[in-house]
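Residue numbers (the numbering used here), protein chains in the order written: chain A, 164 to 486; chain B, 7 to 339.
Don't read these hints as lab results, they were simulated from the structure.
Note that CB positions come from ideal geometry on N, CA and C, so glycine has one too.
Accuracy of the hints is not assured; some may be wrong.
Heads up, simulated SDA-like pairs for lysine to any residue below, C-alpha to C-alpha not over 20 Å straight-line [claimed, not checked]: (1) B:Lys131 to A:Glu349; (2) B:Lys113 to A:Asn352; (3) B:Lys144 to B:Met205; (4) B:Lys182 to A:Asn479; (5) B:Lys178 to B:Thr133; (6) B:Lys278 to B:Ala28; (7) B:Lys144 to A:Ile281; (8) B:Lys131 to A:Asn479; (9) B:Lys152 to A:Met366; (10) B:Lys176 to B:Gly219; (11) B:Lys131 to A:Pro473; (12) B:Lys156 to A:Met336.
Sample of chain B residues lacking proximity to chain A, with all beta carbon distances greater than 12 Å (derived) [to be verified]: (13) Arg39; (14) Gln145; (15) Val206.
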Amino acid sequence: MDFGNILSLALGEIATPTTAAYALAALGLAVHFGYSGLLNFGQAGFMAVGAYGFAISTLTFKVPFVVGLLISLLCAVIFALLLGVPTLRLRADYLAIVTIAAAEIIRYIVTTNTLFRITGSADGLSSFQREFDSFNPFPAGTYIFGWSNRDLYVRVVSWIVVILCVVIVWLLMRSPWGRVLKGIREDENAVRSLGKNVYAYKMQALVIGGILGALAGLLFTLPRGSVQPANYATELTFFLWTVLLLGGMSTVLGPVVGAMIFWVVLSLTQNLLAGLIESGAVTFISIVQAGQLRFILVGIALMLLMVFRPQGVFGNKKELAFA
Amino acid sequence: MSTPNNVGNDNIDHMTDTRAIAVGENLPGCKKRDPIVVADNVTRSFGGITAVDVEHLEIPRHKITALIGPNGAGKTTLFNLLTGFDTPNSGAWTFEGNNIAGVSSYKVARMGMVRTFQLTKVMGKLTVMENMRLGASKQPGERLSKALFKNIWGAREREITQQAEVLLKKFKLDAKKDDYAASLSGGQRKLLEMARSLMVQPKLVMLDEPMAGVNPALTQSLLDHIKNLKAEGMTVLFVEHDMNMVRHIADWVVVMAEGRIVAEGPPGEVMKDPAVIDAYLGAHHDVDLGDAEGIRELEAELEADEESIVGTDAAGMIAPEAVEAHLEEEEGK
Ligand SMILES: Nc1ncnc2c1ncn2[C@@H]1O[C@H](COP(=O)(O)OP(=O)(O)O)[C@@H](O)[C@H]1O
Ligand SMILES: [Mg+2]
């Protein structure tokens, strides 16, 4: 078993575009739940809306990259409004139910065979990233960590987007606007009694977190060059919640660190288990089973975390949203 | 919005203004010389219970009005209805002449009618100072379009911070300003909630049991603060059980029982009203024997009345003068 290799594989996960996408989507959840108390269990739906919005407008309507990007974000805004208008005046759990259902509806719609020509059904869509790739400023070659110029390009772009969004969310949350959201998280009637339009604030938070989700959907699919419905199932939403809980939810760095830890741990456990099985030290499970086992381990880790450090790595216990 | 902190346009000092509050007799639902709130036929029922059934009510402007009545009389429900936190089965009411029935709660607050809650609502995970700032109105930084730019909202932020510091000092919370509100005691939370509602610079403050749980050592200064609100041109409507406090600071008392207004008038007068004593006799079965005056009055009342009201706090309700007069009468026989 090559520990050096296992470790470097794991550390390699820190910078992948997928980690960046998870960080960004979890940042959206932090805006929703960590700062505003909105229970969104459909962040995978927002990611799918972003990814498909871009892929379909590029492939079917042949729009340029920037237009596709704007359409993708606009779709997320519309999706947020659709979910928010009927639920945000009601108790918090209504939003939770509606989001989880809506995310599944999105997934079923894009999987329908009838829409094969537009959505590609279960196969999904691909080759919509060409214009994005054409912006790559790095000449062909091998860069640090053995990355190709495209590897480097997608990483640089992904993390620039994440850093920008982190800074924006941080600026928003230290403002009086963010203060109103934090107030709503704790007691929306008290905030109403002080003359603030709670419904409008919740809607704004839902839209902003949704836009972050859609952007995350793009970071998730552009590097891959393909989008498939199977990637946007409910478990994605729950991985994002895991990331959020790991890092701490009322902080902007929490989701980023949480995403990194999540992927490093996932890679470590996978490769360690595989190594143990290959070397014959572990005989009672197969490699395939090991792949499942690591998610069980993630679940256990999450439980331990909730017991011993409920505020996450970065969180402040006194600001814990669900205490 | 005009500045609420003036002493009225007619240059009347509201602290010493002794003009009659009511027009005509002090009957339930009587007209006021200068009402700030006028409510008509407000009803609200929960299932079979009629929680509020108010035919007519006027709250006098620039006065401190106490809303009293036994538990379950409908005081909190009336607060909820007037401030838009609950929807009535019927009724209309105006604030400063504007019809505000059906107006959302946040708009009511913006118009200058701000309430606190019986079950205190402070943001435990925000600091005391942040709680206070949250109360301030007209903050450009609360708009999403301006939130990113501190240079736009920084000045107003400094302004409201100063305003908050003054209030916190008054309410003896200045030492706690950087603590999380969750670390405050129940009484301190009541104080914070009241101070925060003043950050809105309201014209009418509605306090639902502001003294409940407040350290007795603090109540005197809190009473002074409430009186000062009047001096600053505000109108106060508050719910309170402690009759001593009501007697101390209220200019006017409205008594509710079973959803209705059963009596109205100046404190001294209302507390002699048989309807009021009835209302309390019917509903209250706990007496505060820790209070010396309460005991004295209770004893006096016991002697005066064959049908003893021991075990009720109606004793605390009744003005001693009334009882004394009653006693003298008895002795005279
Ligand atoms: N949300 C509610 N649902 C059902 N009944 C309620 C509700 N709110 C108040 N009530 C009832 O209305 C009556 C008046 O209550 P409330 O206004 O809280 O009285 P008070 O504040 O005078 O003690 C009580 O009988 C109470 O049980
Ligand atoms: Mg009450």
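Checklist entry - Failing hints, ascending? => result 7, 14, 15
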